[in-house]
Structures are given as C-alpha cells and as structure tokens.
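Now for the letters of each chain:
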Amino acid sequence: MKKRSETALSTNRSARFVLVTGLLVLLLILGLVINANTGSVSIPAADIFHMTFQSLRLNIMNFFSAGKYKSELGAVINENTASQILFRIRLPRVLLAALLGGALSVSGYLLQVFFRNPIAGPFVLGISSGAKMVVGLTLIFLIPHSTNTASFSLMFAAFIGSLLITLLVLVFSQKVQSMSMLLVIGIMVGYICSAVTDFCITFANDHDVINLTNWSMGSFSGANWPHVRTAFLICIPGVIVSFLLSKPISAYLLSEAYAASMGVPVKAFRAALLLVSSLLSACVTAIAGPISFVGIAVPHIARILLKSSRPHYLIPTVFFSGAVFCVFCDLLARTMFAPLELKIGTVTSILGAPVVIYLMIRRHSAERK
Amino acid sequence: MESIFSTQGLAVGYNRNILLQGINIRLERGKILTLIGPNGAGKSTILKTITRQLEPISGVVTISGKPVSMMPGKEFAKRTAVVLTERIAPELMTCAEVVAMGRYPYTDMFGRLSDHDKSVVVSALEQVHALDLAEREFTALSDGQRQRIMLARAICQEPEIIVLDEPTAWLDIRYKIELLDILRTMARKKGTTIIMSLHEIDLAMKVSDDLLCLDGEKITAYGTPEEILSSKAIESLYAIRNGSYNLLFGSVELPKPAGVPTVFVVAGNGKGTPFFRTLQKLGIPFAAGILMENDVDCQTAEMLSDHVIKSPCFEPITPDIIEKAKEALAGCRYVLDAGTPAGTLNKANRDLLQYADRKHIPVIRDLKGVHADEE
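Taken in sequence, the protein lines are chains A and B.
Under my numbering, think of the first position of the first sequence as 521, with each following residue one higher.
Under my numbering, think of the first position of the second sequence as 702, with each following residue one higher.
Next up, chain A with everything else stripped away, as it sits in the complex (with noise of 0.2 Å):
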C-alpha cells in the first residue's frame, strides 16, 4: 500500500520548489551584490561583503550593550565616499526593492485569488489610482510646492487612498455575487478617481503636476533607512499571514462552495485576503508610488517555474521572484541611461505587460486544445 501511494502521489513539485527557490534566492543576493556595486563609484564586491558584515556585527553588539559601539558603527558607516554611498544610498535602495517588489508580487497573488481573475491587480480594482487621487489632493492642496515626493505626509496619503477603495471594492463586494461585476467596478471606480485627480491638475501649478506625475511613475530613488524599516515591518508580516492563509486558499481554487464544504469560513476568508493584500499594495503604493505589472505578471512567472499552484510552494516562490525582478528592474531603471534615471514603472512595464500578453495568449490556445 505505502509503496502504490508514494508512487502515485510522487513528491516531484517539492523538489521543484526546493530548486527554483534556491536559484531565486541566489539570483537575488547576486541581484542585491550587482545593485550595490553597480553605479557612478563602483564597490567591489569583497568591501561589499566586508563592509556589510562589519556594520551588521557592530550593529548587533550595539543593539544588545544599549548603544555603546555607536562611535564605531558611525566609523565604519563614515569611513570612506564608497562606504557613505554603500550605506546611505545603495544598500537601503536595493533592500527596499527586494522588499518592496516581493510584497507588490505577494498582494498581486491573493487578489487573482480572491477574484479568480488572473489580470486582477491593485491597478485592475482602481485601488492604485485612488491612491494617486489622494496623494495628488495632498499635494496640490494641502502640501503645495513640496520639494521632497517622498514625504511622509504624502506616504500616509496613499496609504489612506488604497485603503479607502480597497474597503469601497469590499463593500461592492458583499453586494454584488459575480466577480466579473466587481472588477468592472473597480475599473470603473480607478476612472473616477483618475478623473477627479485630473479635475485637481487643472487647478495645479506646475511644479506640483511634475511632482504628481514622478510619484505616480513610481521609484526607489530616495530611499533611506526609515523607509527599510516601516516596509520590513509591514510586508514581512504581510506575507506571512498569507503564507498561513495557504491552506484555505487551495480549498478556495477549487470553488467559494467546495471550500465552504470543506469547513472554510468563507466570509471571513475573503475578507482577510482582500485586508492583507490591500495592506501590502498600499504599502508599496505609499513608499514608491504606483508600480505597474509587478504585481500582474510576477504570480505568473512564479507559476510557470514551479508548475503548480499549491500555494504552500507558490506564496513563497512569488515573494522571491517578485523580489528579484524588482530588483534587477531598479538596476536597469538605475544604469541604462546613467546618469540619467529612468522610472521604475516604465521598466517593469516594459518588461512586464508583453510576459501578460504572452501568458494570456498561450493559456488561451492552451483552453481550446
């Protein structure tokens, strides 16, 4: 008996999962090497690694005498123009990238769950666009004239848009039964919102619009610390909680009746995704501004890897993919035209959208086959 049943339930996809992890995984530490190395001064990658192991033991054994090698962390952090870079520019950049895109990947993820829509996306249901209507209220109203796009009173500002559509689309979707309505309403719902922020452009100065329109392109330019630590704090729980949400959300790919049957709480279920993904994107949205396709092409690229859509294997997988290509997106928005930067949005857009054509293509002529 055991022996029928190994072979008829193989464990080939664990396998899977442990190897393309592991190349992820590999494929993002030499992602966040290049990314620190790469640039107007160039750091090899041995001070890299020196560097980065220095401050992150003095950091430790300062956290844990109350601040007594402070003078030294300082020291090491100041030492020289590569170190000052290393640590002030690159190495929070490219850490919020990985962060940051891997989250974007994950929230993606359990709104095509949710919606059981494989184009459904922060940008789909419109929560992007009221997070760009909010922040362009702020900035042409309430913050006129603002130097600095990656405030934090504009931060907050997109983090309250995403979450007020995000609750809106919750509302609609207690009411309406189908998911194809409900993603009509957000689309329709991202119409209004864009079309009340561009009622507000046309009363804005034009300082204010080129700021507008730089956010809504999205960037990790100006990155620093706080930023690391506010989305640390908010995408790695994130994910985690959807990694526990795994196995209601295999019940759930079957159907909402079968999982129901199965003993899931259905309601309480949708709402948690809708809640955790809404929490990830607005987090994202609020420290980078809008990010296109991340979120769209990622859970797919993560599932032709793998093969499968046990969400066990694939939450995971989707955060370090997510991870990776966000990265390797800031290196190329960062490098192609230095010292010219381009936009992080036009980059995964271009190499996002054309992976979401290919994808619908093939699964089409995959469905009539």
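No lab work stands behind these hints: they were computed from the structure.
Worth double-checking, as some hints may not be accurate.
Said to hold, decoys possible - Okay, derived cross-link-like pairs now, DSS-like style, lysine-lysine, Cα gap no bigger than 25 Å in a straight line:
| id | chain 1 | residue 1 | chain 2 | residue 2 |
| --- | --- | --- | --- | --- |
| 1 | A | 767 | B | 1027 |
| 2 | A | 787 | B | 779 |
| 3 | B | 957 | B | 1048 |
| 4 | B | 749 | A | 787 |
Following the hints, position chain B against chain A.
Just chain B now, with coordinates in the frame of chain A:
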C-alpha cells in the same frame, strides 16, 4: 434501524420565499435517496439547504440526530461531502492534489498530508477507478474523468453522507452507469449514505432505495421505487402528455402516429419493435398483432399504436382474438411480415399472412416504398 439523516418540517427557498415545504425525510445508513423532478422543481434548492449553502426557511436538518445548523464547519465537513454541478477549473493542479483537498478537515494548518491521508487519497482514487489519473492535470480531463475525480475528492473527506447534485449531468451513458455503480458499491460496502438528484428516472429507479419526487410546488411522492412505480406518480410528475414512458424498463417512446392504421405488422419476439419505431418516424399509423402480452413487442406496440391485438400469455390464441386480428388486417393497405418465427402457440400469425394473400393485400418484408397518406 436508526436513521442517520433526517429533515423535519423543512421549508426551503431563496430570500425568504418558500419554494417547497413540509419536507420530512428519514434515511438509514447506507441507503441511496434520489430526488427527481423536472428542471426548476427545487432539487438543487433542497440539496443546497441540506449542505448548508442555503439557510432553511424553517425546519431542521439533522445528521445522527444532531441539527446541522449547530455543527462547527469542520465537524460538518467530516460528516458531509458534496459533489456540485458547477464546473471547476483549478489551474496547474493534478488530480491527486484535487482529491487530497478532501482531507482538508483532517490536516494541520499547513495542509500537510500524513501517510494515512495519502493512503486515503489512493484508496479513494482506486474506488473510482482513477488511480492512473493521479498525476494528470485536472483541467486536461474529460467530463467523465473529472466527475470521478470530484467523487474521489468527496470520498476522501470520509463523510457519513455524500450529497451529489446532478452527478450524471455531463456524462455519456457509459460513465453514467459506471458512476452510479460506484455509488451503489459505496453504499453497500462502506455504508456511506447518498443523497443526490438525477435527471434520468430510469437510472434513479434502478440505483435508489428511496425516491423523492418534486414538481416545483410540492412533493408528489416519497417512497421506494416499487411504491412509486405503482402510483403513476412519474407520468404526472413530468406531465408527459405526448409520447410515453415505460416505467418498468425506463424506455421512452415518441408520440403515437394518429389516424386509421395503414400497415398491419405481424410481429412478436422483439422482431416488430424496430419496424414500429420506423413507422412512427415516417408518421404512419399501424396495427400490430397477434402479440402475447409478455412479448417485448407488446410493450412497445402499445406505446406506439392504439390498435394492438393482444393475447393472454401462456395460453393458446382463442378464435375471437384471431377474428379481431383479421378484421383489423382487412382495413390495412399493407401487411408487414416482421419475420417472427411461428411456433405452436402463435401459428395464428402464419394464418394471418395467408389470409392477407387471399384478401389480395400485399405482404411486405420491409418498409421501402411505404409512405404516409397524403392528406
């Protein structure tokens, strides 16, 4: 024997509008209850209420004497599993993964399968004869295979009761028979209680221990197939006005061609039935005789013609019946010899063919050149 499943004064419907009420069911362990009735009669509504997808408007549903409304979701899932009509399309999931989902109420929070869980999955796949499909992708299967996998998923839940909504809907006849046979075996061998809805009355008669007939307003009959068979409930249930339905065999015939018979079919021993059906298709009214009452030809002839000359079975044909047959034959334009061998008891049929010769009515052996009367 104690009933495992029962409903008391159950009323079901949507949005507080009662569709059906006064549903009182009692079902023993290992029995099969089938709900039959025309489309829209409320079969699915009852099944959805039983499986807690819908709230009952009034009344109680109990499993082993315990009201299901009081059960936590997990306990209910361990007692009841479903096979729904909706077609699911889980991407990139193998059949084994879909089936293993049935272990949901038993696994830990990460959904990990123990060795026991795995062996349950394998035995569920074996029961539906689908072990070879285990590693195939679910969405690549045929309808018949999918339905078996969905049944295996329900079996995997190790429930006391399996509820199936139209399990045969997408299947061709071979898979229908196979699926119902699997259900019958499960009920008999493992004591699983089965509640389902079916479209095919004939299959329902054969597979069920109890039938519940619905007509959209009320329950028209509830009992064993034998009780239902004798009560004429089925014909009134489906309001079959045209055509007829043979309850004993579950065979369906199209409406009788109306009018004065044109062809007299000398039939018997099943040789006449194909000709009767051809005549029906051509729209030609016919008479048939002389048929023993226990002959299959007699069953079909009576469904397709008002002019059937019958003779009581196991008895020689009496002269007055032969007279009646001759009278009917004389009024026809053709006599069709269906090729029934004449034995001792039905030698009257050979006499009939000779009588036709004497009357100069053409005796034919096939229906080439025979047309319906132009009117």
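- Task: Just pull the numbers of the violated hints for me, sorted ascending.
- Result: Result: hints 1, 3 break, sorted rising.
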